[in-house]
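Q: Each residue of the sequence shown is one higher than the one before, counting from 1 in my numbering.
Keep in mind that the hints are not guaranteed to be accurate.
[Stated by the list, open to error] Distance condition first, Cα-Cα at most 20 Å in a straight line; then the derived SDA-like pairs of lysine to any residue:
#1 Lys99 with Thr76
#2 Lys362 with Gln383
#3 Lys247 with Asn518
#4 Lys231 with Asn518
#5 Lys247 with Ile598
#6 Lys362 with Asp351
#7 Lys74 with Glu103
#8 Lys362 with Val420
Simulated from the structure, these hints should not be mistaken for lab results.
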Amino acid sequence: MTADSGSGQAPSNTKYLLLLVVVVLAPVIFTWFTTSPGKSDADFDRLLNAGKTYYDSGEAQKAIDAFSQALQHKPTETDLLLNLANAHRLANQPAEVIKYAGEALAIDNNIGAGHFLIGCARLRLNQTTNAIQALQQAYDIDNTVGAVGYLLGKSKLAVGNFEDAALYLEEVATYEEEHLGAAYTWSQALMQAGRPDEAKTALELHQQRIAGKQMPDDQAAWETCVYTEVKIPFKLDQPSATGITVKFVDDTAKAFAGNAAKYAGPFGVIDFNHNGINSLFVRTSTNTFRTLANTNGVFAAFGMEFPALTNANYTKCLVADLNNDRFDDVLMIGDQGSHAYRFATNGLARDMSRFSRLSSLKAVDALIADIDFTGKLDLLAIQPEDAGLKVFRNLGSLYFKDISKTSGIPTQVSGALKLVADDWNNDDMLDIIIPRKSEPPMYLQKQRGAVHSPTNTLPTKTAVQAVATGDLNNDLRIDLVTLANGKVIVQFNGLEETQELSLAKPDATDLLLVDYDNDGWLDIFALGQGLQAFRNKGTAGFEDTTVALGLDSVTGAISQLAAADIDRDGDSDLVLADDSGLKYLRNDGGNQNLQLKIRLYGNR
1 MTADSGSGQA
11 PSNTKYLLLL
21 VVVVLAPVIF
31 TWFTTSPGKS
41 DADFDRLLNA
51 GKTYYDSGEA
61 QKAIDAFSQA
71 LQHKPTETDL
81 LLNLANAHRL
91 ANQPAEVIKY
101 AGEALAIDNN
111 IGAGHFLIGC
121 ARLRLNQTTN
131 AIQALQQAYD
141 IDNTVGAVGY
151 LLGKSKLAVG
161 NFEDAALYLE
171 EVATYEEEHL
181 GAAYTWSQAL
191 MQAGRPDEAK
201 TALELHQQRI
211 AGKQMPDDQA
221 AWETCVYTEV
231 KIPFKLDQPS
241 ATGITVKFVD
251 DTAKAFAGNA
261 AKYAGPFGVI
271 DFNHNGINSL
281 FVRTSTNTFR
291 TLANTNGVFA
301 AFGMEFPALT
311 NANYTKCLVA
321 DLNNDRFDDV
331 LMIGDQGSHA
341 YRFATNGLAR
351 DMSRFSRLSS
361 LKAVDALIAD
371 IDFTGKLDLL
381 AIQPEDAGLK
391 VFRNLGSLYF
401 KDISKTSGIP
411 TQVSGALKLV
421 ADDWNNDDML
431 DIIIPRKSEP
441 PMYLQKQRGA
451 VHSPTNTLPT
461 KTAVQAVATG
471 DLNNDLRIDL
481 VTLANGKVIV
491 QFNGLEETQE
501 LSLAKPDATD
511 LLLVDYDNDG
521 WLDIFALGQG
531 LQAFRNKGTA
541 GFEDTTVALG
551 LDSVTGAISQ
561 LAAADIDRDG
571 DSDLVLADDS
581 GLKYLRNDGG
591 NQNLQLKIRL
601 YGNR
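Using the sequences and the hints, build the whole thing.
A: Structural data, given as structure tokens:
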């Protein structure tokens, strides 16, 4: 009887357990079926438009509610944070304005609207000194916004800085003829500065402009400008889930006319006369350097050969306009000495190594950048045997001066592996990132009017083997891609989100970002023992496309990879250096999506 009762109870318990699971999971299942990226986007758009409507009609609390809900969908969207700050400004809640504008600036400190809104909030809190600091930052970013200059001048007047106040207010009164308060406040500043005649003239100008009009008596009216308008965040179409069919075909034999084994890296891609034809500058098997001119996708030796140093290890070939003649030149970097070559528009090169003062430079990596904002490209290099950095200022005409001791850039950097230059903090100034052997990458931030200074604002906190930078999610901010512990790690600037990509060949040594399928999204290549590729699918992440691209057949130790349109068919081909020489992988299919090529022609 007991046995029968027990066996009969088991199915009953199972039924109750299943019922409980269904009840608990029902909301999750319902959400899974009913929620999709499309629905989420639609909700976001609805909330954003509702918030704008409420804001424009002066319904502050409803605007706050709508923007707050929209923010849950995209918590790091700077435009949305500014919208919420503005809604709180409309509600006269300055502390909340400071909070949300500050969150936007934490993501991108170069947003003029963020500094302006904080300045407005500080004024409402009677914190004039702090307001001046914020408004000054907004003014430095964009001095054409009248409300910024007016409030800055008015604030300086309030703290007794009469001459500065007069300067800012004169600028607004001169260029903003419709501004009803600038001329009057300017006259006050002039009077306080002991310039009564000018004050009288400014007051007369004010009386002319105010005739028949009413002076605003609301602080919000003086704040109104482009920075107080609701912003609609830019929506970028996501790449196709499947994408186009692309294959990289090994066309080495044809491209190098059977001579690929005679050439080696490092190499540089150079369009020496700016006609859209990419040629190469390479090292040869006879220990020389020379140009390989590209004719219809076939490389042939061209011009003079230049001797390399015996027993030197060359690691980097840099291509850039080094003498401001609008055409590219070449630096070849080696651990026993370096070489400089000036190119003419006919592709003929001239050895400028001794004249350049770079022949004695021993380095294992280097980058070219305008470090001191003179309009000339300078050189930063890593010395061998952990001897730190070298900094050279370009004085013009390919003549460099060693300024390592006076540049302000810290040169005693131990374990430096590579040098990367990019604008990490989005302030339109080139920063420097240095991956190191046993420490996290060093980040040298370029300060306005000052030198590069070490900071700890990079998201990566561990040592990495390689670093690549580029805008991977098309949000107009530079993202960070690193190589560590057999994985590629993607860290989006301003976001906490991190993506890790596993490598089938974990001994990769370097990274390259290039849009191989012309869909407008940067893809990732990892090189080392062979090649691995990851297609950027936008919000859907990255997909390993190594096999699909035919790159699984690429073997050997690859020391360098470059992307360029070699055959002029409108997509990016690959040129690589490995232990057997050079290889050319032709991109077949990438031009199904169109490619727009832009050349910046100038020397500044």
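Q: When the hints from earlier in the document are held up against this structure, which numbers fail?
A: Of the numbered hints, 4 and 5 do not hold.
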